[in-house]
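Participant: Following the hints, complete the assembly by docking chain B onto the known chain A.
Protein chains in written order, with our numbering: chain A, 1 to 452; chain B, 453 to 904.
For the record, the hints were derived by calculation from the structure and aren't laboratory data. For clarity, every value in this text was computed on a predicted model and none was experimentally measured. C-beta atoms are modelled at their ideal positions from N, C-alpha and C, and glycine is treated no differently. Heads up, a few of these hints could be off.
When the alpha-carbon atoms are kept at most 30 Å apart in a straight line, the in silico DSBU-like pairs for lysine-lysine are as follows [said to hold, decoys possible]:
| no. | chain 1 | residue 1 | chain 2 | residue 2 |
| --- | --- | --- | --- | --- |
| 1 | B | Lys497 | B | Lys887 |
| 2 | B | Lys623 | A | Lys171 |
| 3 | B | Lys629 | A | Lys171 |
| 4 | A | Lys177 | B | Lys629 |
| 5 | B | Lys887 | B | Lys705 |
| 6 | A | Lys329 | A | Lys45 |
| 7 | B | Lys895 | B | Lys859 |
| 8 | A | Lys443 | A | Lys177 |
| 9 | A | Lys45 | A | Lys435 |
| 10 | B | Lys859 | B | Lys882 |
| 11 | B | Lys623 | A | Lys177 |
| 12 | B | Lys859 | B | Lys511 |
A short, non-exhaustive set of chain A residues, derived as facing chain B with CB atoms under 8 Å [unchecked claim]:
| no. | residue |
| --- | --- |
| 13 | Glu162 |
| 14 | Phe165 |
| 15 | Ala170 |
| 16 | Glu266 |
2 protein chains.
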Amino acid sequence: MTDFVRRVLRPEHPDWIIRSLLDVDFYKFTMGYFIWWLHRGVIVKFSLINRHVRIPLAKIIDRAELCRQLDHVRTLRFTRTDLAWLRGQDYYGANLFPDEYLAFLSELRMPPYTLRREGDQYVLAFEGPWEVVTFWETIALAIISELFFRALMQSMSEMELEALFGKAKAKLFAKLKALAAHEGIFIADFGQRRRFSFLWQRFAIAMAREVLGVHFTGSSNAWMAFNQDLPAIGTNAHELPMVLTALAPDDEKRLAQYDVLREWEELFPRGGLRIALPDTYGTRQFFERMPEDLAERVAREWRGIRLDSGDPVEEAIQYMGWLERFGVKPMRDGKIVIPSDGLDVDSMTRIDTMLGNSIAHPFGWGTKLTNDFEDCHPRHAEEAVVHGERLGLTWSEVFRGHSIVCKVAEANGKPAVKLSNNVNKATGPKDEVEKYLRIFGHKGRMLQTVEV
Amino acid sequence: MTDFVRRVLRPEHPDWIIRSLLDVDFYKFTMGYFIWWLHRGVIVKFSLINRHVRIPLAKIIDRAELCRQLDHVRTLRFTRTDLAWLRGQDYYGANLFPDEYLAFLSELRMPPYTLRREGDQYVLAFEGPWEVVTFWETIALAIISELFFRALMQSMSEMELEALFGKAKAKLFAKLKALAAHEGIFIADFGQRRRFSFLWQRFAIAMAREVLGVHFTGSSNAWMAFNQDLPAIGTNAHELPMVLTALAPDDEKRLAQYDVLREWEELFPRGGLRIALPDTYGTRQFFERMPEDLAERVAREWRGIRLDSGDPVEEAIQYMGWLERFGVKPMRDGKIVIPSDGLDVDSMTRIDTMLGNSIAHPFGWGTKLTNDFEDCHPRHAEEAVVHGERLGLTWSEVFRGHSIVCKVAEANGKPAVKLSNNVNKATGPKDEVEKYLRIFGHKGRMLQTVEV
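Okay, chain A solo, but in the shape it has when bound (with noise of 0.2 Å):
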């Protein structure tokens, strides 16, 4: 296992924090299948978001370094024994993917960057072809977040850090094992984007491993679920229906939300990986105006849905409620809810304990899995001081995940949007926003403070 306090101390050099392209979040594939076969040359431009503006990522990250990582990451290409995995993977059934995409996926390069600071953080953006700038995503946020807190810990002593580990090992052990009394529980890491670091995420995911046993179902990280034998889990997520409502006239608008769910059938006749993902413009409208020959095989044909936003108890009782009037039993017909914003312990025994045997409800846990050191920093109530900078912060405050998201903000020079169920999770420039707010309505969302 690692020595983390070692690798803090002497780093090896070069110290990557992507040393694969297959670290990497699997529906990357799933959905970048989708990109190339059907939406091949869209230019998309994704975009860095800090959503804790307090957090001043270009005081702490050195922007020379966050260059090189990224480079770095250029450089990588797909290895023969990667491409073999992929087209091994037999989780959402076999022959996953055709042969083409896995030759596109041989030939794929990084596309490049811009990077430039505004104030106290930094504006990185990817532009280029979907097909390949999707990749960016996680990588790019993995990357952030690893030499956040690289650079968190370069004031930190030897001792400092074998308390900071020690405790951060404690307290994940503990949270695993509050979670396995509980025996309705199953978890999937989805935890990349926001990891403390690449080996940390390692180690959270063996210890998940042992604590849950089966309750541990698998990794939304193709390299950890490669590396650690695990089933690598993972569908679509918010830029499908962004990029394709984006592209469409604002009188379409309403209905392209739906073409993801249509051409996603075409693509995948699996029910496993027919996960709908509904809280784009909100999920209220998503059920009710989903035009009825669709709503009758979403309802019927699909696996269930992820729950992104909103609280994910109502949002999977209204879920049930609409598959009623398809006849369809959740139980019965094997449906699923996968509630995966913002987990930890507290919440995911909430929700297990109201959902109980209504419907199957794996959790897809993230930041709070794969990196949670808050309080574990030895002068965690003390004023974080970085590069000798002061940040007016506790390093509590500090030392811990940060709602940092990676999001596709044009398609073809139009700007995309995000509305979702909580409205501080809202997406894209603000008269878009209003604008798809008339378009889709408000009704159902909220507002909850994003925590990670």
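Facilitator: The following block gives chain B in isolation, referenced to the frame of chain A:
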């Protein structure tokens, strides 16, 4: 730094607990020289005593492995470098040990032991010439302690071990930080005998050095001092008055306790080593009945006393009152008291607050420095099961330092007795203890729980 988890899961073979004859308390050399010079050839017997009888040592520690570890110690010799280091010690003044004693050490082989099981305890004894048998004390205890914890860890999984050591590291760090906040606190490691393990003692010392800085003043263990470039600390222990008093006829016993001091003065003219240990037969009678000529010198010329039983603040105040009778002012005249009995953060903080600047009070911190895993076991509230047997105790109750000592029991066939200020710390056959109480009196003795 050691990967503690790996060392448990994949122990080195052979994984010797005692790697060097220097891995022994330094006072064994100062006492050893005293014994060799003045009392060579007295036949003594040291015996293991487990005061925590609820802990079934013989159920937990494998007999064959215990023999293997003890036998290994008998193959060890002092090396040229060990002897050079001993010869070069100057913390208590240069030329501490004459060449003749070092020549004796160069030939020293650890004498045999006898081991049998009695119920759930081991009867482990060492018999032979005092000048060699004396070295077994802290060595035997360290072997017992480490084998005990190795056995307890056998049923732990990798991640349980990660959590165990993680928590123990964070806990020790927090304790050291709390101590570092008290400027008056100076601490030396006195923790070999009941250490969790050799490697953990080394780790604890390294952490203490970093956190306490110059407030961490040394180690009682010669190997640790040698290895970590610290002063080796230690002067003398109860065995000296115990043997000398055992050998004296009953009507000379009361005065025999003072022979140690007179003889010690002969050998060690330096003040630093002149630390009296007054509690062997009760501190009150020790000072009250001390012959005037000796008392004058002990008050004026001796550096101070070690407080190994009774309330340390009370004992220190009594000592200062006694010094006053001789016109000695503790601070002006550089006197010290060394509390060394079952210390932890709260007791050291209390003692430091109470004694303040009235007298220097460097602490000898033992078990709770080198072996504080209480509540760190991830199943600490569950019943402990060792080698498949339920112990009727929680892991918390088992997984801690226990009050196990290795005391001189006989000298030239006569029983050796210790009364102590704490009735629970008395050793020796019941009728002998009663006889000694008639000789020395009960004054100032109290009942205290023996934690470690």
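Participant: None of the hints should be skipped; say for each whether it holds.
Facilitator: Results for each hint:
1. Lys497(B) to Lys887(B): holds (20 Å)
2. Lys623(B) to Lys171(A): holds (12 Å)
3. Lys629(B) to Lys171(A): Holds, at about 20 Å.
4. Lys177(A) to Lys629(B): Answer holds: Lys177(A) to Lys629(B) is near 29 Å, not above 30 Å.
5. Lys887(B) to Lys705(B): Between Lys887(B) and Lys705(B) the Cα gap is close to 11 Å, so the pair holds against 30 Å.
6. Lys329(A) to Lys45(A): It is violated: about 41 Å lies between the C-alpha atoms, which goes past 30 Å.
7. Lys895(B) to Lys859(B): Between Lys895(B) and Lys859(B) the Cα gap is close to 23 Å, so the pair holds against 30 Å.
8. Lys443(A) to Lys177(A): violated (39 Å)
9. Lys45(A) to Lys435(A): Judged against 30 Å, a Cα distance of about 20 Å means the pair holds.
10. Lys859(B) to Lys882(B): holds (15 Å)
11. Lys623(B) to Lys177(A): Roughly 20 Å between the alpha carbons, so the hint for Lys623(B) and Lys177(A) holds.
12. Lys859(B) to Lys511(B): Holds: Lys859(B) and Lys511(B) sit about 22 Å apart, inside 30 Å.
13. Glu162: holds (5 Å)
14. Phe165: Holds, about 7 Å.
15. Ala170: At 4 Å from the nearest chain B Cβ, Ala170(A) passes the 8 Å test, so the hint holds.
16. Glu266: Violated, because the Cβ-Cβ distance from Glu266(A) to chain B comes to roughly 43 Å (cut-off 8 Å).
Checked against the numbered hints given earlier, this structure breaks hints 6, 8 and 16; the rest are met.
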